[in-house]
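Residues per chain, in single letters:
There are 2 protein chains.
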Amino acid sequence: MASESEAQRALQYEQTLMYGRYTQDLGTFAKDEAARLRLQEGDTPRPRRPSELLEYSQGRCAPCRVCALQCQRFLISKVGEDWVFLILLGLVMALVSWAMDFAIATCLQAQKWMYGGLDTNVLLQYMAWVTYPTVLITFSAGFTQILAPQAVGSGIPEMKTILRGVVLKEYLTLKTFVAKVIGLTCALGSGMPLGKEGPFVHIASMCAALLSRFLSLFGGFYENEARNIEMLAAACAVGVGCCFAAPIGGVLFSIEVTSTFFAVRNYWRGFFAATFSAFIFRVLAVWNKDEETITALFKTRFRLDFPFDLQELPAFAVIGIASGFGGALFVYLNRKIVQFMRRQKTINRFLMKKRLLFPALVTLIISTLTFPPGFGQFMAGQLTQKDTLVTLFDNQTWAKQGINDEFEYLGILEAWRHPRSNVFVTLVVFILMKFWMSALATTIPVPCGAFMPVFVIGAAFGRLVGESMAAWFPDGIHTDSNIYRIVPGGYAVVGAAALSGAVTHTVSTAVIVFELTGQISHILPVMIAVILANAVAQSLQPSLYDSIIRIKKLPYLPELGWGHHEKYNVRVEDIMVRDIRYVTLNCKYRDLQQVLHSTKMKNLPLVESAESMILLGSIERAQVGALLSSQLSPQRRLMALRQKVLSEDGHRLSDSSIRFQISTETSSGTPARPALRKPLKPALKRVPSSPPDSPPAGSTDHTGIALKSLFCANAAEPTEAHATAYHKAKRVRISIVEEMILGDKMTPAEILEWEEQQLDQVVDFSSAKIDPAPFQLVEHTSLHKTHTIFSLLGLDHAFVTSIGRLVGMVSLKELRKAIEGSLTGKGVKVRPPLASFRDSTASATEADTTALRQLWDRHQHHHMPREAGPGGEDDDDTPKGE
Amino acid sequence: MASESEAQRALQYEQTLMYGRYTQDLGTFAKDEAARLRLQEGDTPRPRRPSELLEYSQGRCAPCRVCALQCQRFLISKVGEDWVFLILLGLVMALVSWAMDFAIATCLQAQKWMYGGLDTNVLLQYMAWVTYPTVLITFSAGFTQILAPQAVGSGIPEMKTILRGVVLKEYLTLKTFVAKVIGLTCALGSGMPLGKEGPFVHIASMCAALLSRFLSLFGGFYENEARNIEMLAAACAVGVGCCFAAPIGGVLFSIEVTSTFFAVRNYWRGFFAATFSAFIFRVLAVWNKDEETITALFKTRFRLDFPFDLQELPAFAVIGIASGFGGALFVYLNRKIVQFMRRQKTINRFLMKKRLLFPALVTLIISTLTFPPGFGQFMAGQLTQKDTLVTLFDNQTWAKQGINDEFEYLGILEAWRHPRSNVFVTLVVFILMKFWMSALATTIPVPCGAFMPVFVIGAAFGRLVGESMAAWFPDGIHTDSNIYRIVPGGYAVVGAAALSGAVTHTVSTAVIVFELTGQISHILPVMIAVILANAVAQSLQPSLYDSIIRIKKLPYLPELGWGHHEKYNVRVEDIMVRDIRYVTLNCKYRDLQQVLHSTKMKNLPLVESAESMILLGSIERAQVGALLSSQLSPQRRLMALRQKVLSEDGHRLSDSSIRFQISTETSSGTPARPALRKPLKPALKRVPSSPPDSPPAGSTDHTGIALKSLFCANAAEPTEAHATAYHKAKRVRISIVEEMILGDKMTPAEILEWEEQQLDQVVDFSSAKIDPAPFQLVEHTSLHKTHTIFSLLGLDHAFVTSIGRLVGMVSLKELRKAIEGSLTGKGVKVRPPLASFRDSTASATEADTTALRQLWDRHQHHHMPREAGPGGEDDDDTPKGE
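Protein chains in written order, with this note's numbering: chain A, 23 to 904; chain B, 23 to 904.
The shape of chain A in the complex, shown without the other chains (with noise of 0.2 Å):
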């Protein structure tokens, strides 16, 4: 898929495999090092080790460092390094959380000065109403899109796919993360509906990633692929945990939006650093003196005795059917606006050239409409998002039989009110300008989430619906001795659960509502409004986080749709690719050029041979290429030259050991797999936008012609402009590799003969990686164990085998279209669902046992009669009923 492969290469995405069964361990690696330092003694120390820092740094502080090294390995050792990086999570976190926070609030606290402040001219007003968010928007647009375009956006989809196993480049560094903190402080402090859970998501991953590469420097730290999945999972938590002080609600999120599988032993990490941070959060209030002592952010005071009636059920149960389908027409419309801004070529065109016109444009209107004065005053414009979730979880009533007059509006709650008209229209006009607003100014490419946005308008929404309840039963619902009013607020809470656990597709907003509010009370109607509002939006529409995803085109597995029974029947072998291109072990180098030519899989099935095709382990794409690079490269060819020269008898001695010098270097030029080596670092460090199929430039300068057509677009075979071309390449290689001792004597004719030459010998894989045992599947495989294993394992693609011969292979593509239900690949075996039930009884058996008996047959050349026919031949699984 030619969009896909663009879409990776613009998002600059690797695939690791994450649980995959071989990768160049941290053994391998450490012994790799160990071997190249001791033959690089005295050449450039390596960061990593503080001892040999220290040699540099002998400066006047070098003992207190010594010292503080010390100290340090002292307390990791006594106390856990895990505890210690989970600590220091959790304590930035809180940190970075509440100064935003702060700052948040001083630049809301400035327009509403602002605005106060000109309340004699109503022009003057709107400017400054206008102008401040709109400049804040634009700066943070342009500051971003600077310094860090990954920092747009919320960020889950994209921790989601990294704790996938897929590295994103650029996407846990430290320029994002400056990036997307000032950008996000920005953008919140513009007053815009937009959130700030989503985006803690990512700054809490980047922080993981920097302070995980900040502790590696003192030496305590054990580098590993998986730890620091589980780092960044519990960072994930963290990041929902200590931005609405919600610990449990945090982890309980953070697992359902970014995890498949989730592993139970990180479930503690996650506790403890989000309690942590959630805790250190809510004492920096208190110390500030805004709070007496911690208590939640959006303290509810909602009677405990008697939280709500029997007979209100069908209230909550209908606030979460409505807010199922609001949530799903939510994701629809903020994918459809994403959608309609890059269709339309001329206004994307317009808008492309002015990156800064469509934040600055959006951010126009929506501050216009809100305008106080203006709109405004229909849907409590003056309030901030903040303020207008506290009072909506207000515990009074406003409407009383639906006079508003009788009731007294106290300090914020002013705005709800307004003289012309009751408080039901206020609510509505509120939730439909929000909802519209809410998710076009989500697709603003700044740092921004939409579930606070969101969450917002849900509890509006739920205020409607309990206002209007307290209006229909004035003096309560139930009938005994005690009059028990219905409390709207309490509509509020379930609301705000509802709609934003409908968007995210998740329960656990049930549980952030209860630490956002400090009561607990409303439980079961919150469980059931967020059961009812999950059940109909992920009927509907995919989860936001999910739609961005399919918007970004990540490399991510969709998820098996609730009670699709027949993703069992569709098997493996439905779904497979049958015509693979493999690599056999005694192959030609012009059987690997053709393979190379005819295929783009990124890893190769090696078969001992064409006959048995028994499968015997994966090579890299980038392997084969090194191998082809390395037989055809000139320095190979001057080494033949000189060897013919100077002595025909010693030729081939010569020969096999250059060949060894040169696999040497090629495999020391070829970081082969760069992102298994140190699993973090190539997301943390800037490398190079190269694309993946083609080999490293450092092999390429010195390959030949046959090679080089490789990597050409149309060309098979060498032709004269190649040699033209590769004339012109030549003299400016002799240039550079001056060091040689013999010059390149040899005429283009002479070289395209010693290649051909070179290419018909037989191919030498011992300098070849090569993972000994990929992932093997069976052809009964079910669709939904597939699913399983690929989401567990993090694959990638998997070889189809039936005893130990190579029949297929799934990659995650197939399966993706397999979920998705479009089939109609090119490659593809398209079968419907259910056709191997549909077959006839011997199908399946009989290829197998055909197999097996080809195998035995070919290796003990036994003389079996087999008259008895066909009907034996399934014998062995369908018994006749004896």
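Careful, some of the hints might be misleading.
[To be verified] Short derived list, chain B residues pointing at chain A, Cβ under 7 Å:
#1 Val308
#2 Ile316
#3 Ile636
Source of the hints: derived by calculation from the structure; they are not laboratory data.
Here a beta-carbon is modelled for each residue, glycine too, at the ideal position from N, C-alpha and C.
Could you slot chain B onto chain A? The hints should help.
Chain B in isolation, oriented as in the chain A frame:
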């Protein structure tokens, strides 16, 4: 080994590959069934097909049943199977929970009434107080023992094992369900310190299994192993959820307690079912007029404004740490009691003879000590568990400045006051006595859990700390204008969560207390205490459930400890068994015999040949046995004889056709993978217990001497004794095999000769079921990764391969040993951790290269000069730094 396999047999479990790569899939099963049905037309109808069922029950109600079935189908097609199932499960479990609570309350009230009615005579009172629980417990123990011994104990350890993919027979049957429900009701009705939460997890799982079987009668359900596991996971959540009316806590607790890796897609199932169940459970209480509306079980009324002061946090931390030590001590004590009871031969023999004596004795001791007019007055003996919790979570402060006279105890609080002592003494005595009582009581062989007793002890401990704090700071710690007194009830909540968290190694007890008390205001203290308690307890002892798993020797993989980073450095090559038996493609039956003799492995690797060692698949031990038995079967022998007699020419033709027929019979008589064909069925059906190594009864009857010797303990060769035994058996058999045309006219010597001749034939694998893609690891895979893969995929064993070559095997046993640190098993190569690091650079890679080269050389037969020596061999991995 010996003891383990003994334990295995005792528990009758069998391993299934939960996510195994090749199982007898439902598709194949369906095909087999279709074929069988086609052949057996008119035979006994299968009970699953409702249409067939109806043909036989053509009574009056047949039309109604058809109608009901159609309704059912319509409902299922519209609403979805999972929903129907989960709603039914939730409903049934809520009813069971409520009914059980009602029965338990009645039992306890009866005891109280008896005790109250006899207040004229202390001796009579004592008799009533003691006899009542003794009778109940003895009945419970006896009933459980007779009906289903599997119902004894908590059930969580078994569920943990079942969810890992091991089939524990008889654990999910109706009989066990009945035994558990009735036994548990009696046990809890006795007033002993026992809990209902562990057994409820088991009851819910049984309920799910039975419901699944019941609903499959209507044909709407797709029977699938993966689905069953998902449903069981949801059932565990329902169990906890409807026991405490705590849906969120229930889901989380069940995840923490039963899973290692959790599929997030199962999350909603648990939430939905648990919420529905908790809802119905509480609605029943409202309908029964116990409650006015739906509220928490142990509702607290702590103040919301200022739940606790920041300076109280150290006290909460102290509760956490002390609870950690207490929890570890509880687990230790519980284990020691069990081990002591097992070890004491004399006591044991006596108790074994009179199985009910031990429960009666323990009950007698405990109830004597709690007798209210006796020692019970110092430990609030007359309070039931529920009353105790209600009083401990009370809002008031019991001790003011240590002078408890000032305070008026009302109602049931009265129990905590003692005229000659103060409340601190009562609490201390209560904690100490209940601690050992609970540890002892949970070892009684009745259905019982330990969660609730521990929860109560924790609450008492928290209350003690809280009362001490209240006595120490009578006006609270806060020094501002408002006086906020310390709330000892809050400390009780924290203590309860911390101690139960420490014993079970879970964090979700925090959520459970919030849901139980209906207040979340103490979230931070609870979280801090629970995390500290977990940290302490997990570093000292396994969890109670893991401890029971070890005592019962269930096949479970231990967790990797926190931060055991050395585990990252152990590799598979350090722990794998290198000396394994294998089956080659071209082997003879004699080789099969030898392999079966020499190993006890349940799965044998099938390799291409002894030289190449290319792994082709794995074959089950039972299959190998079946192959041998069919080769040596008397039928085959008789046929051969008949062929010989009738015609010499047509020998070969008939021989092969007969062999096929026989192998068919064998495979129909031998359900090769019964557990995999119908996943949940073996656990639901009573299967005759037979040692797993022996071939099925149907085929042993027909086998010859050589095969028989396989399954006799010390027989390597068929002897005279065997021949005699054979003759005896034969005489019986001849009378059975009456339909045979020719009698068995061969002498034992002839038979032996014939069998020897048969054993020299090359094995025909075409009738054997071969797993074509067994799980493979490579030597470099780290222990950490291996553990992850084993727990993710629920593996039992994995083969270690190197470029297709089989080099070793790792099974659960080796892995368990490696994790537990005792690497001294036989056949296991013991290497200290980090050994791989200390090796010289090239060892591993060289091995790879050599193996590959061997293969390569073998295949191409090209002469490649390799005079460069061994230096050239590690070139491929260790760059020389050019």
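- Message: Quick check on Ile316(B) please, does its C-beta sit within 7 Å of some C-beta on chain A?
- Response: 6 Å, holds
- Task: Closer than 7 Å between Cβ atoms is the bar; does Ile636(B) clear it against chain A? Give me holds or violated.
- Result: Nearest chain A Cβ about 6 Å off; hint holds.
- Query: Does the nearest C-beta of chain A fall within a distance shorter than 7 Å of the C-beta of Val308(B)?
  - Reply: 6 Å, holds
The structure is consistent with each of the numbered hints, conforming to all of them.
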